[in-house]
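S.K.: Now for the letters of each chain:
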Amino acid sequence: GAGVSQTPSNKVTEKGKYVELRCDPISGHTALYWYRQSLGQGPEFLIYFQGTGAADDSGLPNDRFFAVRPEGSVSTLKIQRTERGDSAVYLCASSLSGAQSTDTQYFGPGTRLTVL
Amino acid sequence: AQSVSQHNHHVILSEAASLELGCNYSYGGTVNLFWYVQYPGQHLQLLLKYFSGDPLVKGIKGFEAEFIKSKFSFNLRKPSVQWSDTAEYFCAVSRYSSASKIIFGSGTRLSIRP
Numbered sequence: 659g660a661g662v663s664q665t666p667s668n669k670v671t672e673k674g675k676y677v678e679l680r681c682d683p684i685s686g687h688t689a690l691y692w693y694r695q696s697l698g699q700g701p702e703f704l705i706y707f708q709g710t711g712a713a714d715d716s717g718l719p720n721d722r723f724f725a726v727r728p729e730g731s732v733s734t735l736k737i738q739r740t741e742r743g744d745s746a747v748y749l750c751a752s753s754l755s756g757a758q759s760t761d762t763q764y765f766g767p768g769t770r771l772t773v774l
Numbered sequence: 004a005q006s007v008s009q010h011n012h013h014v015i016l017s018e019a020a021s022l023e024l025g026c027n028y029s030y031g032g033t034v035n036l037f038w039y040v041q042y043p044g045q046h047l048q049l050l051l052k053y054f055s056g057d058p059l060v061k062g063i064k065g066f067e068a069e070f071i072k073s074k075f076s077f078n079l080r081k082p083s084v085q086w087s088d089t090a091e092y093f094c095a096v097s098r099y100s101s102a103s104k105i106i107f108g109s110g111t112r113l114s115i116r117p
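Sequences listed follow chains P and C, in order.
The opening residue of the first sequence carries number 659 in this note's numbering; numbering runs sequentially from there.
The opening residue of the second sequence carries number 4 in this note's numbering; numbering runs sequentially from there.
Derived from the structure by calculation, the hints contain no laboratory data.
In this text, a Cβ means the ideal position worked out from N, Cα and C, and glycines have one as well.
Please note that the accuracy of each hint is not assured.
Unchecked claim - Straight-line distance between alpha carbons at most 30 Å, and here's what the computed DSBU-like set of lysine-lysine pairs gives:
1) C:K72 - C:K61
2) C:K52 - C:K64
3) P:K736 - C:K81
4) P:K675 - C:K104
5) C:K64 - P:K669
6) C:K52 - C:K72
7) C:K104 - C:K64
8) C:K64 - C:K81
9) C:K81 - C:K52
Stated by the list, open to error - Here are the computed distance ranges between Cβ atoms for each label pair:
10) P:E672 - C:S55: 45 to 53 Å
11) P:T762 - C:S17: 27 to 35 Å
12) C:E69 - P:E672: 19 to 27 Å
13) C:K61 - P:Q699: 23 to 31 Å
14) P:T762 - C:I71: 19 to 27 Å
Throw the hints in and build the complete structure from the sequences for me.
M.R.: What follows is the structure, encoded as structure tokens:
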């Protein structure tokens, strides 16, 4: 079926504004992940959902970042009071079951966020 | 904290040359190891992974990697590269007990001269 999709593909905002980034996982995948990739770096883990609940949010950098997955499918990453340092590509991934260490995470195309 | 080091930032090779990309990680416990690849304009995708068993892992497109526990290394190899292997390669690790949280290295850009 279809892969992981993310919208928008690009988002330009001004410092101090609020943004929402959306992720549609692969159908049937119960685990969903958010990563952030800054220029010249590898992806950095932010948060992992198992179903509707955040099983590990240890990567969220501060309380301006929040993510939800209310129905266990689509997830939204929310960033309040954006700062220029938040500029990055935000990647979403999903896997069949996060509980199995052998599960493969499938990545989406990412949302490129630019904070002016 | 875990970390992953990829020593080569940019590697340039001619077609048919052999490839070895270095990767070292820091964590003393049981780990899962990965190589991901990102071709130009495409999504990040899994190239190969190691969870247990044979330390020599074979992946897609003729790539392989060897887990050497004593050296905390997981180097990626390919005997003969092709122009289509031009991409960014990321080594990554997760703890066996926390498999969902993958820690990535900073990546190695591979350029193949036709």
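S.K.: If a hint holds in the structure, say so; if it does not, say that too.
M.R.: Hint check:
no., hint, verdict
1, C:K72 - C:K61, "holds, 17 Å"
2, C:K52 - C:K64, "holds, 14 Å"
3, P:K736 - C:K81, "violated, 41 Å"
4, P:K675 - C:K104, "holds, 29 Å"
5, C:K64 - P:K669, "violated, 34 Å"
6, C:K52 - C:K72, "holds, 15 Å"
7, C:K104 - C:K64, "holds, 26 Å"
8, C:K64 - C:K81, "holds, 9 Å"
9, C:K81 - C:K52, "holds, 15 Å"
10, P:E672 - C:S55: 45 to 53 Å, "holds, 49 Å"
11, P:T762 - C:S17: 27 to 35 Å, "holds, 32 Å"
12, C:E69 - P:E672: 19 to 27 Å, "violated, 49 Å"
13, C:K61 - P:Q699: 23 to 31 Å, "holds, 28 Å"
14, P:T762 - C:I71: 19 to 27 Å, "holds, 23 Å"
In the structure shown, a violation is registered for the earlier hints numbered 3, 5, 12, in ascending order.
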